[in-house]
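K.L.:
Listed in order, the protein sequences are those of chains A and B.
Using our numbering, the letters of the first sequence map in sequence onto residues 1 to 314.
Using our numbering, the letters of the second sequence map in sequence onto residues 1 to 276.
No lab work stands behind these hints, which were simulated from the structure alone.
Please read all numbers here as calculations on a predicted model, not as lab measurements.
The C-beta atom is built at its ideal place from N, Cα and C for all residues, glycine as well.
Any given hint might turn out to be false.
One-sided and incomplete, this derived list gives chain A residues near chain B with beta-carbon spacing under 7 Å [claimed, not checked]:
id, residue
1, A7
2, A178
3, D181
4, G190
5, V191
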Amino acid sequence: MNLLVGALSMGLLLGLLALGVFVAFRILGTYDLTADGAFGVGAVVAAALLAKGLDPTTASIVGGLAGGAAGATTGLLHTRLKVDILLAGILVTTALYSIDLFVMHGGDIPLSGTKALPGTAERIWVGAGLPVDGVMLLDTRVSARNIATLIALIPAAGVPVLLLDRFFRTSLGLALRATGDNRTMARAVGVDVDAMFVLGLVAANGMVGLSGALFAQYQSFANIQMSFGNLVTGLGCVILGDALSRGAPLRGRILGVVLGTILFRLLVAGAITVGVGPNALKLMTAGFVLAVLVMPDLVRRFLAPRLEARAARG
Amino acid sequence: MAEPKALELVDLRHTFNEGTVNEVRALRGVDLVMEPGAFVVVLGFNGSGKSSLLNAVAGTLIPAHGKVLVHGEDVTHWPEHRRAGLVGRVFQDPLRGTAPRLTIAENLAVAAQRGRRWPDLRRALSRGKREALAARVHELGMGLEDRLDTPIGALSGGQRQALTLLMATSVSPRILLLDEHTAALDPKSAELVLGLTEEIVRKLKLTTLMVTHSMAQAVRLGDRVLMMHRGRVVRDYRGPRKRRLRAEELLDNFDELRNEDMMDESAAGMLERMYL
Chain A
1 MNLLVGALSM GLLLGLLALG VFVAFRILGT YDLTADGAFG VGAVVAAALL
51 AKGLDPTTAS IVGGLAGGAA GATTGLLHTR LKVDILLAGI LVTTALYSID
101 LFVMHGGDIP LSGTKALPGT AERIWVGAGL PVDGVMLLDT RVSARNIATL
151 IALIPAAGVP VLLLDRFFRT SLGLALRATG DNRTMARAVG VDVDAMFVLG
201 LVAANGMVGL SGALFAQYQS FANIQMSFGN LVTGLGCVIL GDALSRGAPL
251 RGRILGVVLG TILFRLLVAG AITVGVGPNA LKLMTAGFVL AVLVMPDLVR
301 RFLAPRLEAR AARG
Chain B
1 MAEPKALELV DLRHTFNEGT VNEVRALRGV DLVMEPGAFV VVLGFNGSGK
51 SSLLNAVAGT LIPAHGKVLV HGEDVTHWPE HRRAGLVGRV FQDPLRGTAP
101 RLTIAENLAV AAQRGRRWPD LRRALSRGKR EALAARVHEL GMGLEDRLDT
151 PIGALSGGQR QALTLLMATS VSPRILLLDE HTAALDPKSA ELVLGLTEEI
201 VRKLKLTTLM VTHSMAQAVR LGDRVLMMHR GRVVRDYRGP RKRRLRAEEL
251 LDNFDELRNE DMMDESAAGM LERMYL
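Let the sequences and hints guide you as you build the complete structure.
P.N.:
This is how it looks when you write it as structure tokens:
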């Protein structure tokens with residue numbers, strides 16, 4: 001049960017990462033590689049602010065803004081300076097590596113003893129007179145800290161998701177979606193597609209940065225390694241989300257991405273339960289994304305003709 | 001003061017791939033003045049410069065030389081999206097004018113923003129706006145008003161082209177540009193879209209510049225026909241001359257141009273042999 005609560009918590013906070021990747025890859029239709037950098041800088045900036053004694057809400061929001069700034073940089077490199085979008089994302093991520101180290105003064109930032117989310121959530125839980133030793137769920141004891149964190153993460157992830165859904169229904173959001181869907185059309189009806197592109201990357205990486213900020217708090221420290229592999233994780237979650245929400249309108253697809261991320265974390269939890277070491281997780285994630293990407297083509301080229309041949313033979 | 005001209009093109013010149021073997025002199029000095037409400041049809045072979053002319057008005061092509069004035073304002077160097085406030089456009093390819101994953105209502109809502117500097121954060125599709133959109137779609141007579149929430153990618157080329165026409169004219173443009181907008185449709189859809197075009201242009205009294213391959217369309221539509229060849233306007237039919245115009249006459253003209261071309265080339269070859 002603790003594993004399940006953990007998977008749900010991670011699913012929620014990484015759901016923002018996945019939604020960021022979703023906005024860039026699916027809504028804007030671009031291969032933005034800034035996610036790793038935005039995730040890391042969001043985590044590090046939020047951790048540094050928490051270490052200075054700030055509250056978790058402010059620290060998380062500023063972490064999100066840092067991610068948004070990373071997205072803006074990538075977007076401007078691409079639209080103003082005509083740098084290839086893949087290269088622009090790699091340049092920004094690489095530069096952020098140094099910036100992260102500056103912010104961290106070269107070492108990790110521990111968050112125990114700060115107002116970071118799990119501790120604060122636990123204090124509120126206890127302060128509200130709820131049981132100090134946690135709750136029993138399905139015959140297992142879940143600590144007050146874990147259950148309070150999960151509850152706190154529902155609005156932390158839910159509010160940005162709702163805001164995103166609302167934004168896509170505004171005139172501005174619609175112009176942004178049109179830009180990603182058909183640039184020629186968007187330009188012809190007067191949409192400033194370059195501005196929309198930058199704005200889209202700010203929104204996407206802002207959410208990724210916020211996800212990083214929450215992630216650092218959840219694991220109680222920030223370090224430089226946590227930047228790596230998030231883009232691929234996010235992409236894996238987006239693909240799962242697509243499968244869950246096939247043919248649904250946008251709101252359903254947004255929900256699908258969040259559910260896809262939770263499913264992804266449940267799969268990870270399952271893998272850990274059956275003895276897959278945490279070191280192998282990135283390898284598994286990469287393998288999973290690759291498999292899903294090439295599967296339809298492989299089926300079409302190898303499996304389908306054979307099945308048809310067999311059916312033809314009767 | 002007299003009302004400014006709807007469109008003025010002053011000595012437009014443009015060369016693609018200048019100084020290379022692929023050099024194409026697409027526009028070699030084109031002038032055109034259109035009064036408000038005029039309907040000009042531009043005819044020409046591939047490579048005659050008619051698309052470049054249209055693109056120079058739309059803003060996808062910034063001509064190397066010359067000026068584009070819309071309603072008296074010099075827009076030669078305005079970026080395309082800014083010009084969209086003055087210019088509505090329907091493309092040849094039905095896929096280009098609409099966003100496939102957005103619904104019919106959403107496509108129309110984006111187009112309804114034309115001419116504003118920056119879209120706002122209000123809800124794009126309030127109930128009132130939806131009803132207004134449904135009423136406009138109803139006028140197409142295609143039954144699409146019941147499918148406002150269908151992604152446009154699910155529609156046929158003719159339906160998409162009809163909606164693009166609606167989008168191009170929902171905020172009444174100073175100039176409507178039609179770029180062979182029925183060429184990619186089956187005959188029945190083409191006829192339908194052409195009929196809608198005539199109806200909308202007449203009703204909104206739009207100044208229209210249309211490019212086409214079709215002699216029949218050139219004869220049927222508009223009050224002036226320009227024939228372009230090698231980056232220049234070589235024939236200009238207007239007034240009673242345009243009304244008397246027959247497709248056969250246009251065809252003869254084209255044959256003539258073709259013959260001149262061949263002679264040009266052989267003459268050039270002869271000169272080359274003599275002097276080099």
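K.L.:
Does each hint fit the structure? Answer for all of them.
P.N.:
Hint-by-hint comparison with the structure:
no.: 1; hint: A7; result: 31 Å, violated
no.: 2; hint: A178; result: 5 Å, holds
no.: 3; hint: D181; result: 4 Å, holds
no.: 4; hint: G190; result: 3 Å, holds
no.: 5; hint: V191; result: 6 Å, holds
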